[in-house]
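*Asks:* Chain by chain, the residues run as shown.
Protein chains: 4
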Amino acid sequence: MVQTPKPRLGIAMIGYAFMGRAHSHAWRTAPRFFDLPLEPELTVVAGRSPERVTAAAHTLGWAAAETDWRRVIERDDVDLVDICTPGDSHAEIAEAALQAGKHVLVEKPLANSVHEAEAMTAAAREAASRGVRSMVGFTYRRVPALQLAQQLIAEGRIGTVRQVRAQYLQDWLADPDAPLTWRLDKSKAGSGALGDIGAHIVDLTCFLTGQRFAGVSGMLQTFVHERPVAETADGLRASAGSQRGPVTVDDAAFVTGRLSSGAPVILEASRFAWGRKNAMRIEVTGSIGALAFDFEDMNVLELFDAEEPARTAGFRRVLVTEPDHPFLEAWWPPGHGLGYEHGFTHQAVDLIRAVANGENPEPSFAQGLHVQRVLDAVERSSDSGNRWTEVPSNTAV
Amino acid sequence: MVQTPKPRLGIAMIGYAFMGRAHSHAWRTAPRFFDLPLEPELTVVAGRSPERVTAAAHTLGWAAAETDWRRVIERDDVDLVDICTPGDSHAEIAEAALQAGKHVLVEKPLANSVHEAEAMTAAAREAASRGVRSMVGFTYRRVPALQLAQQLIAEGRIGTVRQVRAQYLQDWLADPDAPLTWRLDKSKAGSGALGDIGAHIVDLTCFLTGQRFAGVSGMLQTFVHERPVAETADGLRASAGSQRGPVTVDDAAFVTGRLSSGAPVILEASRFAWGRKNAMRIEVTGSIGALAFDFEDMNVLELFDAEEPARTAGFRRVLVTEPDHPFLEAWWPPGHGLGYEHGFTHQAVDLIRAVANGENPEPSFAQGLHVQRVLDAVERSSDSGNRWTEVPSNTAV
Amino acid sequence: MVQTPKPRLGIAMIGYAFMGRAHSHAWRTAPRFFDLPLEPELTVVAGRSPERVTAAAHTLGWAAAETDWRRVIERDDVDLVDICTPGDSHAEIAEAALQAGKHVLVEKPLANSVHEAEAMTAAAREAASRGVRSMVGFTYRRVPALQLAQQLIAEGRIGTVRQVRAQYLQDWLADPDAPLTWRLDKSKAGSGALGDIGAHIVDLTCFLTGQRFAGVSGMLQTFVHERPVAETADGLRASAGSQRGPVTVDDAAFVTGRLSSGAPVILEASRFAWGRKNAMRIEVTGSIGALAFDFEDMNVLELFDAEEPARTAGFRRVLVTEPDHPFLEAWWPPGHGLGYEHGFTHQAVDLIRAVANGENPEPSFAQGLHVQRVLDAVERSSDSGNRWTEVPSNTAV
Amino acid sequence: MVQTPKPRLGIAMIGYAFMGRAHSHAWRTAPRFFDLPLEPELTVVAGRSPERVTAAAHTLGWAAAETDWRRVIERDDVDLVDICTPGDSHAEIAEAALQAGKHVLVEKPLANSVHEAEAMTAAAREAASRGVRSMVGFTYRRVPALQLAQQLIAEGRIGTVRQVRAQYLQDWLADPDAPLTWRLDKSKAGSGALGDIGAHIVDLTCFLTGQRFAGVSGMLQTFVHERPVAETADGLRASAGSQRGPVTVDDAAFVTGRLSSGAPVILEASRFAWGRKNAMRIEVTGSIGALAFDFEDMNVLELFDAEEPARTAGFRRVLVTEPDHPFLEAWWPPGHGLGYEHGFTHQAVDLIRAVANGENPEPSFAQGLHVQRVLDAVERSSDSGNRWTEVPSNTAV
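Residue numbers (full-length UniProt numbering), protein chains in the order written: chain X, 1 to 397; chain H, 1 to 397; chain W, 1 to 397; chain L, 1 to 397.
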């Protein structure tokens, strides 16, 4: 078996903090476990601090470092731009990259406002007509257990979707002295728990059901209004300084809503849920069954089949580590679980394949825009006494 | 040790279906495991069908049977009237019994309307001034794990309450051919999932936090609008007939709200949650810890203590079967769990003790009225686009 | 529907401590929930202390009290003798009762020695020929989840039994200052963890598989050799005195063995397993599936069906509270769990029915004898370096 | 911050199947997440088939491929030899490599016989005197939850170790038509479930308690004696051919034993446990607490602290993803779990650091030899009716 070298896919990554480390790992690892049509190359990473970005390039395995993302986009050896910066810079970078003919992967949330997200979606649509691909990084879609859930729902295994219940619970802000990072600054982060973690369960609801949100009622909550300013704002873990500053985002969001089919949805996102570290849970109930997932036990999907006789019916704990489970053929024997970063690797795999095959990957910018519209409707509802707020359809773009 | 006979407490029970069986068991069993100041006597049970009520008296251990509840109330050997009928008859019976100087235990919900509940509360208040006691049967308050939860919160173990999340999930209506019983008839039951099971988590939220609801936003849902009429409407389990009739209540209720302290609450009640049989779950998060409970594992309380070092912190699975747990001294050794009916026995114990000690037991009719007001506010909110709806305080009675 | 009075079944109970309370509850409760052919009557309870037995009769609901068990056996109004004393008195009482033509229920273990158990079994066989019934109280057989497990195995749902793994874990002796009760005295209790709790998992292995033990290898362990003498030896809960005495039984037992089919078994019984309160766990693996149970979650049976496609296979958490589950029709709606004492009630139900129908109930004395032979073989193996020790078959009696 | 290039550590890997993929990932990934004193370089991989090893080198990221492991050992640019072949070739390769002054990492089990393991241990001891390091790949030691368990026990958090209970349960052979791979051939694999998975729980027992095994009683079981021969013997997943061949190893092993302190141990390894995919479970009970782990939920350690008041005591579910948990500082935020391969990465990290610091890493060959002696004693005990068999101490080497 002679190996003919595969065509390369030059990657440029903008930003190198938490998400940058996860994305770098994905680009490095994907070709080692999956048979890909293109060979991803970690061409260049960009960041503002020359020293830090150079160190990051070395540590994370990038061939070069740059301090100006615009220069990166101009490079001929870059085919795909991977945007891992905070949400306030997504629009500008993504639009420039698409304009330059580079495929784009942008971390979620797509943008900090509906307005920006609309412009990005329009740009992506236009770029697609030129064969340029774009994708938003709702990585949890590629956790194998959630891929399996989506397949089972699409196959009709639980029947018609009747209701969705989801929670995204963390506790890293429950201590009032946890430092004030950029994630608590509305101008950088757009919103708080709502946009950071609530966005994931909004997107997963759409992914799993194949539907969109028709409307929502929302209630936002900030528990702690002032915190010690973080000493290092852009690393993975910040420490608290002596000065204090205002929290300008929500700590928790509570949402009821309806999907396009009318099915009710109830969602909660909280960073104050003591003891829940990354409990992203979603349960979809259909007319003949139900599925349940909790990220704290991420290799498991629970399935209830209502067509079983009641005598032996019960939620099954399916360990999603079998060779015929999504992405699992490439990994380990049954029972040898995957971790958080595998979702990023799977995302890289699917994006590389889409680029090679000339297909538009999902989640698209349009899907990212829909999430943004839902978040926006939640905020507007919260501002006006939880009143029912319709989520405009994307056809309005 | 010579036994002097205890003073007796003559009980009359109105209704003998599901709740009647549970209450009868409680009255029979309480004095066998607990040292009580009064000896409860199962004096008389009342029901409309002479044959059925006679059979029920025999099976459940009542000394006599009656077909007219009014005659029961007149009896001199009856000290306490235990009302186990559907909600539409609660007000009339309870008021008559209190008027006649009988202590009253009324199954939840207190009534089918706020109006009735107000009248009952006023009657109870007046009766209390004459030494007559009244109590509403939110039995889950006396599950030992929930008693323990209440104690721990009151002791400050989780600090200030920050948020409450509760669900009451069942699936017995998920099959569209499940029969149309009185519980699906608004005129009998008042409301559906909201009043039947949602009422429990509203009450528990108040019980555990020691607070009341300030306001709510609600969304109600009926999934199946027509069902086969039940052949036997008042037994424990009904079978479907060939005729069909309309469902006039909600199948599921979705609520966001705030307690008197401003703490946010999110609640869901559904009888359509496939695979969840009696999953009454409540999690209270405070400033320094959290507590979680699920009735499907009713002998367990989960406790997270945020003052533990993170290295060894985690939700503890406390098996609430130790001698120093509430009510447990009377039962079995550690690890030998209790069942559903024990809550009723504990309720009987506390009510008998309150009567003997001249104290007003809880939950009071006023507390039952508050639950009713919350349910009513949810319905009104749901009727007007989820809009924020204040829950009037009881001082308005 | 006219009620003709049922024939009565007069019960005499010998002993009234922990087991006596559970048995009394069962006799009182069985006819209230189950339609029985005979009406059990709590005729008389016997114990050595006149004051205590009188108080117990009053509290537990027995019509009379006696201090001499022999007088009880002579009574014409006693049809069935229920023996709840420590194991050293079982043989004498049971043989006398059977001789007198009384049906006998004897608490487990059947006796403290194989010799006694053999004599009792011979007596039971002879009595059966006269229509007198006998049963040994391995109550856990009548936990609904274990009844269901037995049915599923008998129906072939998991195929041929391949292996059994069981543990019975408690922690009430893990504190070296826990008091020295009769359960730690070899002359009263026969053995320690082995006979008290190990006996249950030996019996359940036989019950679930329908097989007997062919041979065993055993290892016994005493962790704490001296303890403070208990102040009150026969109550439910003893307190430690100032004197100390020797522990003469095992604290834990470790067993490997084979069933009559050759299937391997691994068992552990320990009273030193910190954090495990009453974790009686058994998992039976067959050629096409497996079943798992843990008493700490006693309303659940876990079922793995290997004939499911691997993609959606997983242990199902069957909540054994459905109307078509064993004994459940009589109790509450789905999801409303049962507790420890229900096994005793179900045992009473089955025994009453067997007496009425002229059938020999199970577990029989012969089955109790087999358990005794297994325990004896474990002790002999432990005394001789774990060597393989055959369990004699009952045909040798 | 200027980056001075780190000294390199040239790695040669022998074998490239299941373990080879895991090890390659570890060498590639360790320097990307951990700050290491040496830069590992994937210099060369060796295997018998020229085509396959070349393909593997390309896929797994090795700079060169070789078909003769002896040539690899001679290379000057190789500093460390990583042996991932079946157990029958371990001794020869390891001894040659140590002789040539190369550090050695050898996959578990150390060898297929005690005799070989003794020779390897002697060679490792001699090599250590020359500064050459050796390590055996019991990777599960470096699962963070098990590292934490070891630390807590060493700190005295559960007091004196009283007993250990462990199981390693899989089901990949439960289907009698699963193919006959080299793992079922005694000449290649040494033993079956005992050596393949039982070895892990033997090693973990030693690791966690800091003790060795004094003696054991063992019982081995082969359920299926003949299987279809595998078509491809050295890939990750084999398919069944039409010919059949004999299974010459055990399918399950059942062990009771004692540690050097006398503490009892009970172990089971089975590849026939339907529904258990990789359930490596270990529970260590001490005098004041207990710890429990299950690899199917590998990011969790359960801790019971017996010094808590009983009222709030319970097993804590510690999510081992906090920055102060072993190895976690390098990875993701709390709640973002790790997967199976992380143990290999951590093993690489510790080995690289030991080499750089001139320390002997653990588990040593001597520790691997002890495991081998335990497995051997189990086999000998099983051959002679479970009789107690002492495990010779390593001082006899």
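Just so you know, these hints were derived from the structure itself, not from any lab.
Where is the CB? At the ideal position from N, CA and C, for every residue including glycine.
Errors might be hidden in some of the hints.
[Said to hold, decoys possible] Residues from chain H that keep clear of chain X, each with C-beta distances beyond 12 angstroms, as calculated: (1) 55; (2) 86; (3) 171; (4) 247; (5) 260; (6) 270; (7) 283; (8) 290; (9) 292; (10) 385; (11) 392.
[Said to hold, decoys possible] Okay, the calculated beta carbon distance ranges per label pair: (12) 308(X) - 241(W): 38 to 46 angstroms; (13) 358(W) - 308(X): 35 to 43 angstroms; (14) 394(W) - 308(X): 35 to 43 angstroms; (15) 156(W) - 39(L): 56 to 64 angstroms; (16) 356(X) - 115(L): 52 to 60 angstroms; (17) 186(L) - 309(H): 43 to 51 angstroms; (18) 262(W) - 393(L): 46 to 54 angstroms; (19) 126(L) - 156(W): 54 to 62 angstroms; (20) 308(X) - 323(H): 36 to 44 angstroms; (21) 101(X) - 39(L): 32 to 40 angstroms; (22) 262(X) - 262(W): 57 to 65 angstroms.
[Claimed, not checked] Pulled from the structure, derived: some chain L residues nowhere near chain W, Cβ distances all over 12 angstroms: (23) 4; (24) 165; (25) 241; (26) 260; (27) 277; (28) 286; (29) 310; (30) 324.
*Asks:* All the hints need checking, so say for each whether the structure fits it.
*Replies:* Now the hints, each set against the structure:
1. 55: The claim holds: residue 55(H) sits with its nearest Cβ about 28 angstroms from chain X, beyond 12 angstroms.
2. 86: holds (26 angstroms)
3. 171: Violated, since 8 angstroms does not exceed 12 angstroms.
4. 247: holds (15 angstroms)
5. 260: holds (15 angstroms)
6. 270: violated (7 angstroms)
7. 283: The assertion about residue 283(H) is violated, with a minimum of 8 angstroms to chain X.
8. 290: violated (4 angstroms)
9. 292: Contrary to the label, residue 292(H) does not stay out of reach of chain X, its closest Cβ about 8 angstroms off (not over 12 angstroms).
10. 385: violated (4 angstroms)
11. 392: holds (17 angstroms)
12. 308(X) - 241(W): 38 to 46 angstroms: violated (56 angstroms)
13. 358(W) - 308(X): 35 to 43 angstroms: holds (38 angstroms)
14. 394(W) - 308(X): 35 to 43 angstroms: At 40 angstroms between Cβs, range holds.
15. 156(W) - 39(L): 56 to 64 angstroms: holds (60 angstroms)
16. 356(X) - 115(L): 52 to 60 angstroms: holds (54 angstroms)
17. 186(L) - 309(H): 43 to 51 angstroms: holds (49 angstroms)
18. 262(W) - 393(L): 46 to 54 angstroms: Distance hint for residue 262(W), residue 393(L) is violated at roughly 35 angstroms.
19. 126(L) - 156(W): 54 to 62 angstroms: holds (59 angstroms)
20. 308(X) - 323(H): 36 to 44 angstroms: With Cβ atoms ~40 angstroms apart, the hint holds.
21. 101(X) - 39(L): 32 to 40 angstroms: holds (36 angstroms)
22. 262(X) - 262(W): 57 to 65 angstroms: holds (59 angstroms)
23. 4: holds (51 angstroms)
24. 165: For residue 165(L), whose nearest Cβ neighbour in chain W is about 7 angstroms away, the distance does not exceed 12 angstroms, so it is violated.
25. 241: holds (21 angstroms)
26. 260: Check passes; 15 angstroms lies beyond 12 angstroms.
27. 277: Check fails; 9 angstroms does not lie beyond 12 angstroms.
28. 286: Contrary to the label, residue 286(L) does not stay out of reach of chain W, its closest Cβ about 7 angstroms off (not over 12 angstroms).
29. 310: The assertion about residue 310(L) is violated, with a minimum of 10 angstroms to chain W.
30. 324: Holds: least Cβ distance 24 angstroms, greater than 12 angstroms.
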